[in-house]
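Engineer: Single-letter residue listing:
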Amino acid sequence: MDNEGCGYVRHRGASGSRHAQFDPHIVTSPTALTPSPGAEDFIALVEHLPHLAWMANADGWIYWYNQQWYNYTGTSPEDMQGWGWQSVHDPAVLPDVLERWTAAIAAGEPFEMVFPIRGRDGVFRPFLTRARPVTDSRGRVARWFGTNTDISEQHKVAERLAEERDHLETLNATIAQVSAELDLHKLVQIVTDAGVHLTGAQFGAFFYTVTGAGGDALTLYTISGVPREHFSKFPNPRATHVFAPTFRGDGPVRSDDILSDPRYGRNAPHHGMPEGHLPVRSYLAVPVRSRSGEIMGGLFFGHAEIGMFSARHEELLLGIAGQAAIGIDNARLYDAAQREIAERREAEKHRELLINELNHRVKNTLATVQSIAAQTLRTGALDLEVRHRLDARLVALSDAHNLLTEHNWEGSTLRRVVEMALRPHESDREKRFVVEGPEIKLSPKSALAFAMAIHELATNAIKYGALSNESGQVAIRWQVIRGEEEPRLQLVWRESGGPAVAPPTRKGFGSRLIERGLAADLGGRVELTYPTSGVVCTIDAPLRQTTVREG
Amino acid sequence: MALNSALRRALVVEDEIMVAMYVEDLLVELGFEVAGIATGLDQALPLARTGDFDFAVLDINLSGELSFPIAQELRRRGIPFLFASGYGSRGLSEEFRTAVRIQKPFLSQDLARAIATIA
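Chains A and B, in that order, are what the protein sequence lines are.
Each residue of the first sequence is one higher than the one before, counting from 1 in our numbering.
Each residue of the second sequence is one higher than the one before, counting from 1001 in our numbering.
The following block holds chain A by itself, in its conformation from the complex (with noise of 0.2 angstroms):
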């Protein structure tokens, strides 16, 4: 192989090895056409290579290695030749790599493993290690080049990307479960369970400020990584130099060790932790903060080892505290509608309670009027058709308060108003109303008011119109105009086939009402027709007069 071959091969070794075990079969190509570089050359390459790069007989025996090789483990020539290297090896991972290595060896088949070599500080790197066989003419091993390249910084950067990534995931967990809770303790111990989480602390705990059922501020707080009853048997946080920045808003405190920080130790009567409290030394602490400013509370962690939270930490917590906060708020929102909406049902209830108490109570005086009117009347031996006028007047304002009762003195709807007007006249005179219109919400007043005009009108016409007969009827439509001007409310109210009709020779109570108290109560105009053929009511009033305002 020596006088053949043909680049590769004849480069493989290097007079100019230092190293005393190298023993290299130099071949030179005397009848070299162009300028090729030298072996020289080549050991120079490698030795410029940032890799560790070594060269071994076909059996493993390794007879070189770069310079770069001694440098970082600190070893020498005579500790490593031949199969030396396994004195830098992490002993847990030696006999995989021996048994791969020497498998491949056997097999004469290319070699390629990751593991940990030690350097002259003591400290293991990983290192990505490759070993080519290279052969001869007749295909045998040769030799081995091998090549170890330091990955730690990979490592390190892939460790930092899983952690960035688990740090995202655990933000982005948290802040899904802080805007879905509601209950304020869950949301808190979710907030410092995060916070353990992403800094790495040993404990955390969240103190935090609630208004009490009797508008007393109580501190409260959450703990999270050791159980509660590590923290149950001290006070509360009070305002000590290492507590009151947090306290107070002033930003995060963090410290490496918090025992040799100057705001430690200040305070009676502990001076420092309390006896029995669980160490401390690494300490971070975030105040949460609301949108109005006012401080929630704040969170607390520490570990029992130096210089465990980095500036990274305190930005997630940062991130974590604004979840908190905003969390918190909502909470409290939330707790104050309910307790709103809880109020309100409960003042709902006392309001239906007094309505209904006021309408029993209207309409005992109205039955007490009834009947005092009744026994005056009676012995004045007046016309039983003038009392009957009267009860029946009295029973249809009675009728509409029931009616307005329903609904809480919200008012009602016109053809609840109408239909409930007619009743008394239709049990024994079917089918001969027609009513049709558009659902309208009338407010108490108009609904009070149609009442008692539909009610005289429909006396009337049993007195005197259609409804005096078998055969008349009397219609009553309405609908809304919607012209240029705001829109209007009119309602017609139309009788037919009853006895001719001729106006009546003097007004009484029932027209006054009608035409002068509807048209007032509505303001509008209401204006009773007496045509041959049927009493013609018509109703016109602006629609924002008669309705319930919406909203």
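Pairwise CB distance ranges (calculated): (1) A:L543 <-> B:S1093: 39 to 47 angstroms; (2) A:D335 <-> B:G1064: 37 to 45 angstroms; (3) A:P504 <-> B:P1046: 53 to 61 angstroms; (4) B:Q1043 <-> A:L543: 50 to 58 angstroms.
A short, non-exhaustive set of chain B residues, derived as facing chain A with CB atoms under 10 angstroms: (5) A1020; (6) D1025; (7) L1026; (8) D1059; (9) I1060; (10) N1061; (11) S1085; (12) G1086; (13) Y1087.
If you are wondering where the hints come from, they were derived from the structure by calculation, not from laboratory data.
Where is the CB? At the ideal position from N, CA and C, for every residue including glycine.
Since the structure of chain A is provided, determine the placement of chain B on it from the hints.
Structural biologist: Just chain B, lined up with the frame of chain A:
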């Protein structure tokens, strides 16, 4: 109408004496006889237990006391009754939700119709 029905004699329980008198007048006009008027629970209960009458017209709220014990007594004796009250149906207990009821103030024909219903 009244004379054709089995019901003739009425007990009126009503705390407002003015209203009670009016109910009495209406009943008489309708052809019934008023066996007695009671304005409170104390007065009404003994009558309900032993009184001689065919039906009763009961106010619900008797100066703050509810007339339901009277109704229970009447039910026990199988004597028909109707409520005449200023309360809506909300004022009735579950026990008497289906009882015949007219709202005060009422017309003579309302009363006549209600009596016909319980007869």
